[in-house]
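Novice: Got chain B; can you put chain F on it based on the hints?
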Amino acid sequence: MIDFVDLWVYLSGSQLLWLSATLVAYLAADSLSGATGRHPLVNPVLIAVAFVALLLVASGTSFQTYFAGAQFIHFLLGPATVALAVPLIRHLPQVRRALVPLLAALVAGSVTAIVSAVLLARLLGLDRAAMLALAPKSSTAAIAMGIAEKTGGDPALTAVLVILTGISGAIVVTPLMNGLRLKNYAARGFAAGLASHGIGTARAFQVDPLAGTFAAIALGLNGLLTAVLVPLLLPSLLP
Amino acid sequence: MLAAFATLLVCQLAGEAIVRTASLPMPGPVVGMMLLFALMVARAPLPGGLGDTADGILKHLSLLFVPAGVGVVQQLDRLGQDGIRLVAVVVISTVIALAVTALVFAAFAKALGADDFTGQRDERA
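Quick note, the sequences are listed as chains B and F, same order. The first sequence begins at 1 in our numbering and counts up one residue at a time. The second sequence begins at 1001 in our numbering and counts up one residue at a time.
The shape of chain B in the complex, shown without the other chains:
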């Protein structure tokens, strides 16, 4: 007779269980997303995260135990970022033609993302620590945490805000762009990558390969520009 408690104790500590759980949760979330015709509200990242988080809470599993298994998926973010060079090369003629709009949108968007976050935080009476963590929120997590460290913000809080920015951007981008009647998919994708980094880029690739390519360019360029702009803009934005 198998002792299920023993079996669970063995499996719940193994990397295999949480690696499998992450893949299955994502596959379920992705098929839900597919079944709704990729409805923006049915965001696969959000749903898969919710599934796994519920599972961790219900089973009393620590994040450390979970991440020991999930790290193999997390690790692939590196090679995936490198792989973005491929769609970039494929769409190089379009990118060349859109160079001026792209650079104008980069500067306008990057400044807007930083200034609006800090000013809204002031308006809502949030403290200085919150403003420092919010300023780099549109850049990719690794860059945003580095910026927060430099400006004296809390990198862990910044990481939370960066992921929330990514998920909210991925959910809101399609209805917002439709509302603005924007049919330029390079512009739509570029905005998704600029304002909501990798998660916005994943959403853009879900909609259209050209949009995804411009999102990837925005993700890279805005990471760099945010690192330059936040230290420059902060002194005049902080109370």
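What the hints contain is simulated information worked out from the structure, not anything from laboratory work. Quick caveat, the model's predicted, so the values are computed rather than measured. Just so you know, even glycine gets a beta-carbon here, dropped at the ideal spot from N, CA and C. Be careful, since some hints might not be right.
Stretches of chain B that chain F covers, calculated by requiring three or more beta carbons in the stretch to come under 8 Å of a beta carbon on chain F [said to hold, decoys possible]:
| no. | segment |
| --- | --- |
| 1 | 16–30 |
| 2 | 114–123 |
| 3 | 158–166 |
| 4 | 172–179 |
| 5 | 197–208 |
Example chain F residues on the side facing chain B (calculated, C-beta under 7 Å, incomplete) [to be verified]:
| no. | residue |
| --- | --- |
| 6 | Leu1009 |
| 7 | Val1010 |
| 8 | Leu1058 |
| 9 | Phe1065 |
| 10 | Val1072 |
| 11 | Val1073 |
| 12 | Asp1082 |
| 13 | Val1089 |
| 14 | Val1095 |
| 15 | Ala1097 |
| 16 | Val1104 |
Specialist: Quick look at chain F alone, frame taken from chain B:
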């Protein structure tokens, strides 16, 4: 496929090494992407199947954010008593940044006559 994946990893490794040595303010994989881009522009002999491998990874880019997202759920109390206001700032600021970026891009593209980017979008999305 194996050679293509090794190419991605080696580019990332070189990127990490460059960032570390030159203390650049950007992540290693972003520099790795620029390296691979430069190699492809220079028509360096790269393994066949690189395109398919890249497509395979990028097709499920969303999956790769799940572990980090779960980490955030564990840290939600980090938002503290300011949670609702912080989320409000994130959402409103993201909407404004999205709109400004897309509108500026589209306006410049239109003025320059480079706005035929209708894409091949999935009509359902």
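Novice: All hints, please: hold or fail.
Specialist: Hints and how they fare:
1. Chain F is given as covering the segment 16–30 of chain B, and this holds because 5 residues of the stretch bring a CB closer than 8 Å to a CB of that chain, at least three being needed.
2. Counting residues of the segment 114–123 of chain B whose beta carbon lies closer than 8 Å to any beta carbon of chain F gives 4, which reaches the threshold of three, so the coverage claim holds.
3. Counting residues of the segment 158–166 of chain B whose beta-carbon sits less than 8 Å from any beta-carbon of chain F gives 7, enough to reach three: the coverage restraint holds.
4. Evaluation of the coverage hint for the segment 172–179 of chain B: fulfilled, as 5 residues show C-beta separations to chain F shorter than 8 Å, against a requirement of three.
5. Counting residues of the segment 197–208 of chain B whose CB lies closer than 8 Å to any CB of chain F gives 9, so the stated coverage by that chain holds, three being the minimum.
6. Contact between Leu1009(F) and chain B, as hinted, is supported at the beta carbon level, the nearest pair being about 6 Å apart and thus within 7 Å.
7. At about 9 Å, the closest approach between the beta carbon of Val1010(F) and any beta carbon in chain B exceeds 7 Å, and the interface hint on this residue is violated.
8. Satisfaction of the interface hint for Leu1058(F) is found here, the shortest Cβ-Cβ separation to chain B being roughly 6 Å, below the 7 Å cut-off.
9. With a least beta-carbon distance of about 5 Å to chain B, the hint placing Phe1065(F) at the interface is held under the 7 Å criterion.
10. Contact between Val1072(F) and chain B, as hinted, is supported at the beta carbon level, the nearest pair being about 4 Å apart and thus within 7 Å.
11. The restraint placing Val1073(F) at the interface with chain B holds, with a minimum CB-CB distance near 4 Å, inside the 7 Å limit.
12. Interface hint at Asp1082(F): satisfied, since its Cβ lies 6 Å from the closest Cβ of chain B, which is below the 7 Å cut-off.
13. Below 7 Å, beta-carbon pairs count as interface contacts, and Val1089(F) has one with chain B at about 4 Å; its hint therefore holds.
14. At its closest, the beta carbon of Val1095(F) sits 6 Å from a beta carbon of chain B; the interface hint therefore holds under the 7 Å criterion.
15. For Ala1097(F), the suggested interface contact is upheld, since its CB lies about 4 Å from the closest CB of chain B, less than 7 Å.
16. For Val1104(F), the shortest C-beta to C-beta distance to chain B is roughly 4 Å, which falls under 7 Å, so the interface hint holds.
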